[in-house]
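Colleague: With chain A fixed as given, assemble chain B onto it according to the hints.
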Amino acid sequence: MSIPTYKTEALKSWNKAKEIRNDFYKRYQNAHENGGLRWAGGAWSFGAIPCGLGRDIFPITGEPYAAGIAFNKEFSLRCLEATERKGYARDLCAYMRTYWGSIILDEYLYGGKFPKPDFMWQDHVCCSHSKWYQVASELEGGIPTYSIDVAVGPYNSVTESKIDYIVAQMQDGIEWLKKTTGREYNDDLLIEAVNNECRATSAWAEICMYNMAKPAPLDEKTMYSLYVLGTLEKHSKIVADYYEELRDEVKWRVENGISATKHERCRLISDTQPPWGFLDVFRYLEGFGAVSVGSLYTFGLIGVWEDKPDGTWGPRTTPAQKGIKIETREQALRILADWNLSKPEWQHFYSPHLKSDMMIKICQQWQVDGVLLHYNRGCEGLSLGIAENRLALIEAGYPVMAFEGNMGDEREFDATKTMSRIDSFMETLGMKLINQ
Amino acid sequence: MITQFRDWDLNRHAYAKEWKERTGGKVMGYFCTYVPEEILYAANILPVRILGSHEQNDVTEPHIFGMFCPFCRDCLAQGLKGRYDYLDGIMIAQSCLHIRQAYTSWTKHIPIDFQYYLPMPNNVQSPHATPYLTAEYIQFKEAVEKWIGKEITPDDLQRGIDIMNENRSLIHEIYNYKKMDNPPLSGEESMEVAITQQMVDKREHSVAMRKLLDEIAAGGKSTKNTSGTRLMILGSENDDIPFVRMVESVNGTVVTDDHCIGTRYFWNNVEPGEDLITSIAQRYIDRPACPSKDWIERTRIPHILSIAKEFGVKGAIVIQQKFCDPHELDIPAIIKSLNANDIKTLFLEFDVTVPLGQFKIRVEAFLEMLQEDDLF
Chain A
1 MSIPTYKTEA
11 LKSWNKAKEI
21 RNDFYKRYQN
31 AHENGGLRWA
41 GGAWSFGAIP
51 CGLGRDIFPI
61 TGEPYAAGIA
71 FNKEFSLRCL
81 EATERKGYAR
91 DLCAYMRTYW
101 GSIILDEYLY
111 GGKFPKPDFM
121 WQDHVCCSHS
131 KWYQVASELE
141 GGIPTYSIDV
151 AVGPYNSVTE
161 SKIDYIVAQM
171 QDGIEWLKKT
181 TGREYNDDLL
191 IEAVNNECRA
201 TSAWAEICMY
211 NMAKPAPLDE
221 KTMYSLYVLG
231 TLEKHSKIVA
241 DYYEELRDEV
251 KWRVENGISA
261 TKHERCRLIS
271 DTQPPWGFLD
281 VFRYLEGFGA
291 VSVGSLYTFG
301 LIGVWEDKPD
311 GTWGPRTTPA
321 QKGIKIETRE
331 QALRILADWN
341 LSKPEWQHFY
351 SPHLKSDMMI
361 KICQQWQVDG
371 VLLHYNRGCE
381 GLSLGIAENR
391 LALIEAGYPV
401 MAFEGNMGDE
411 REFDATKTMS
421 RIDSFMETLG
431 MKLINQ
Chain B
437 MITQFRDWDL
447 NRHAYAKEWK
457 ERTGGKVMGY
467 FCTYVPEEIL
477 YAANILPVRI
487 LGSHEQNDVT
497 EPHIFGMFCP
507 FCRDCLAQGL
517 KGRYDYLDGI
527 MIAQSCLHIR
537 QAYTSWTKHI
547 PIDFQYYLPM
557 PNNVQSPHAT
567 PYLTAEYIQF
577 KEAVEKWIGK
587 EITPDDLQRG
597 IDIMNENRSL
607 IHEIYNYKKM
617 DNPPLSGEES
627 MEVAITQQMV
637 DKREHSVAMR
647 KLLDEIAAGG
657 KSTKNTSGTR
667 LMILGSENDD
677 IPFVRMVESV
687 NGTVVTDDHC
697 IGTRYFWNNV
707 EPGEDLITSI
717 AQRYIDRPAC
727 PSKDWIERTR
737 IPHILSIAKE
747 FGVKGAIVIQ
757 QKFCDPHELD
767 IPAIIKSLNA
777 NDIKTLFLEF
787 DVTVPLGQFK
797 IRVEAFLEML
807 QEDDLF
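Chains as they are written, first to last, in my numbering: chain A, 1 to 436; chain B, 437 to 812.
If you're looking for bench data, these hints aren't it; they were derived computationally from the structure. For clarity, every value in this text was computed on a predicted model and none was experimentally measured. Among these hints, one or two may not hold up.
[Claimed, not checked] Simulated pairs of lysine-lysine, PhoX-like, Cα-Cα distance not exceeding 20 Å:
1) B:K772 / A:K86
2) A:K86 / B:K780
3) B:K758 / A:K86
[Claimed, not checked] Partial selection, computed: residues in chain A whose CB lies under 8 Å from chain B:
4) H124
5) V135
6) G141
7) T145
8) S147
9) D149
10) A151
11) A168
12) H353
13) D357
14) Q365
15) Y375
16) R377
17) L384
18) G385
19) I386
[What the hints assert, rightly or not] The following residues of chain A were derived to be distant from chain B, with all beta-carbon distances above 10 Å:
20) A10
21) A17
22) D172
23) D248
24) P309
25) R334
26) S351
27) P352
We put the CB at the ideal spot given by N, CA and C, even for glycine.
Next comes chain A alone, as it looks inside the complex:
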């Protein structure tokens, strides 16, 4: 069997992505220098809402911050152990434990002391979400905290009363923000942020669509460094603009046959967060000519999608693309709630079968040969129902390799055993290491 060889080249916009990420953490750290405010919350929180307080409001999102720490194994271990010494269980969310550890140690990954937020702004779909910031607030000596419950069931059962519930909490949240910060609230800034969020999260889905091409223009390891911007500030103009620039570049790569990897002869998808300290797993796969073209996680954690009339999956049409002009606070909040409720990674919280259907759709549409399922001990939310996903994928005819690990606690990941499992899985797919 001849081994296909493709042109590859680095992403032109790669350095810009790194710059945006680094600036994000610096802006948060230095917010107070110019009278700005800091807030902390989850990557899924409604970050567009605090934008109404002004242009000098800077967030830090817990999950990507902790994922960054996970890559620094020495600091990661110290954070995890600091949290354990406070009496918290080792099997709790690894991001949460890492984040708390950084507070307890009073060390910021990017240098200096951990910058205390002025308020915490969270939402809640996973059992750990609001509790994360409840404890973080206690550890920081009592930071004002607000959280919005979004667990109203899957998008296919959305009703007006469900949206009402979320929007009412958002409206209260705005009053709470005003009272907590002593600032006035600007609806125009909110509307701008909501439009940016829709633009950014739809553009990310469009980028993922280009990976249907053979060869894939992006591999998942690269995508991790790109989707992360959406987990930082999905509502920001910087991220929305960048994703549109990236989309154009990825389109150009497809048109010019630029591949993510030199050899692509086997297309895979993964699931859940990877073990961040061991991303070389993906490089190892490349040795077989196997490329992970994405996952429901990279596509749908931040990307917002919809079913198209022909039954395929595609980027959700933004309000602006539909010609809708957002004019009021209430309208902006309703759109924000509805938009987020359709997020693919929120659906499986109610049923693994919805997730299985989406995964099978990805397998079909992205022409996937096999699936790597990370049974992730570090995230109860995204590992929820994963065993049922495995059964459904097998039933649908897709070979599945399950491996156990932890996205943020390297003590629970066995790299050697995982590589050896990959060897066996590749063998079942008829693949051998190319250099052999």
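Modeller: Positioned in the frame of chain A, the structure of chain B alone reads:
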């Protein structure tokens, strides 16, 4: 005094089958105590909580990843083994992610006539939770009506509320006796009463509780020693009667609890209001919170401290089902508060099977420590 309750507990499936035959009614299996049983009683449906069997689990590995709590896997195992084959419907009220998996796997692999996922709000501290839950209950009621082919009238709802309220009030009376020195019931015995609340027709259960209360009022007393060190048990779901029996065999007396089999389940009644559905919703919003819903304020801690004081608790055994994230998130703060209020704690991690021998040594050491306090 508690023979009837023990018999129901040991023969829960036989009871439900017999109930079905006797009444011709439907039986609804449910996960999590946030399910509004008032609506089910209004529809003449018997609600039965799905519980585990405390046996080694050998059937759920393909369905639920092993990092989720043993209780949810034990519950699913009962379904997969056909032990709840008499159920007509299955439902869950949204609480923790763990138990949700038992429900979602059940609905896929065990054929059943009716299934319902009720999105119980998590932000029970929001003023918007009650109107939202009311809307969800209306939708649920309509689904039940469609299923049974009959309208649920306001009179039916009132009957459902009365059945539930009466049952809760009676068990409060029983628990009140546990505030006494040398209470007439042991912890094991009151747990038998509490656990059977969740599997027996409340009307029959209330009759049995009234009889028990009469016996106590007439001077009836447990044959067990109830003069041991006064303990509270709290934490994750716990229906482990042999554990409580062991604790009481070494001179501890469990006088109260904060468990969803126990006080969290029955603590508050539906208060009459203008609209019955709203009143039911308000009851479930106001009930002592499951940790998965106890944010942003920690309401559980003052509640637990208040119960501990009311029942004269000397020490607390904090129980956590292995991998139970919601309780893992509360336990450090609860232990800190209990200790700060001179209530010593013993933390134990539970699995479906409990290592009674090892736990006995730890419980004995704990009791010895508490008894030394009395000495000095």
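Colleague: State for each hint whether it applies.
Modeller: Status of each hint after checking the structure:
1. The hinted pair formed by K772 of chain B and K86 of chain A meets the criterion: a straight-line CA distance of about 11 Å does not exceed 20 Å.
2. Between K86 of chain A and K780 of chain B the CA atoms are separated by roughly 18 Å; this keeps the pair inside 20 Å, and the hint holds.
3. For the proposed pair K758 of chain B and K86 of chain A, the alpha carbon gap of about 18 Å is at most 20 Å, so the pair holds.
4. For the restraint placing H124 of chain A at the interface with chain B, the shortest Cβ-Cβ distance is roughly 5 Å, inside the 8 Å limit, so the hint holds.
5. Given hint, V135 of chain A at the interface with chain B, holds; its Cβ is 7 Å from that chain's nearest Cβ, closer than 8 Å.
6. Using the Cβ-Cβ criterion of 8 Å, the hint placing G141 of chain A at the interface with chain B is not satisfied: the shortest such distance is roughly 14 Å.
7. The restraint placing T145 of chain A at the interface with chain B holds, with a minimum CB-CB distance near 5 Å, inside the 8 Å limit.
8. With a least beta-carbon distance of about 6 Å to chain B, the hint placing S147 of chain A at the interface is held under the 8 Å criterion.
9. Against a cut-off of 8 Å between C-beta atoms, the interface hint on D149 of chain A holds, since the closest Cβ of chain B lies about 3 Å away.
10. The interface hint given for A151 of chain A is met, as the beta carbon of that residue sits about 5 Å from the closest beta carbon of chain B, less than 8 Å.
11. For A168 of chain A, the interface hint holds, since its Cβ comes within 8 Å of a Cβ in chain B; the closest pair sits about 4 Å apart.
12. Given the 8 Å rule on beta carbons, the hint for H353 of chain A holds: about 6 Å separates it from the nearest Cβ of chain B.
13. Taking 8 Å as the C-beta contact cut-off toward chain B, the hint placing D357 of chain A at the interface is violated, the least distance being around 12 Å.
14. Restraint check, Q365 of chain A versus chain B: the minimum CB separation of about 24 Å is more than 8 Å; hint violated.
15. The criterion of a C-beta within 8 Å of any C-beta in chain B is met by Y375 of chain A, whose closest approach is roughly 5 Å, and the hint holds.
16. Annotation: interface hint on R377 of chain A holds; nearest CB of chain B at approximately 5 Å, less than 8 Å.
17. A cut of 8 Å between beta carbons decides the hint on L384 of chain A: the least distance to chain B is about 5 Å, and the hint holds.
18. Nearest Cβ of chain B to the Cβ of G385 of chain A: about 6 Å, under the 8 Å cut. The hint holds.
19. Hint status for I386 of chain A relative to chain B: holds, with the closest Cβ pair at about 5 Å, below 8 Å.
20. For A10 of chain A, the non-interface assignment is confirmed: its Cβ lies about 37 Å from the closest Cβ of chain B, beyond the 10 Å cut-off.
21. Non-interface call for A17 of chain A relative to chain B: holds, since the shortest CB-CB distance, roughly 32 Å, exceeds 10 Å.
22. For D172 of chain A, the condition that its CB be more than 10 Å from all CB atoms of chain B is violated, with the nearest at approximately 7 Å.
23. Even its closest Cβ contact with chain B, about 39 Å, leaves D248 of chain A beyond 10 Å, as expected for a residue assigned away from the interface.
24. Non-interface status of P309 of chain A relative to chain B is upheld: no Cβ of that chain comes within 10 Å, the nearest being about 28 Å off.
25. Taking the minimum C-beta to C-beta distance to chain B, about 14 Å, the non-interface status of R334 of chain A holds against the 10 Å cut.
26. A beta-carbon of chain B comes within 10 Å of the beta-carbon of S351 of chain A; the shortest separation is about 5 Å.
27. With a least CB separation of 6 Å from chain B, P352 of chain A falls inside the 10 Å interface cut-off, contrary to its annotation.
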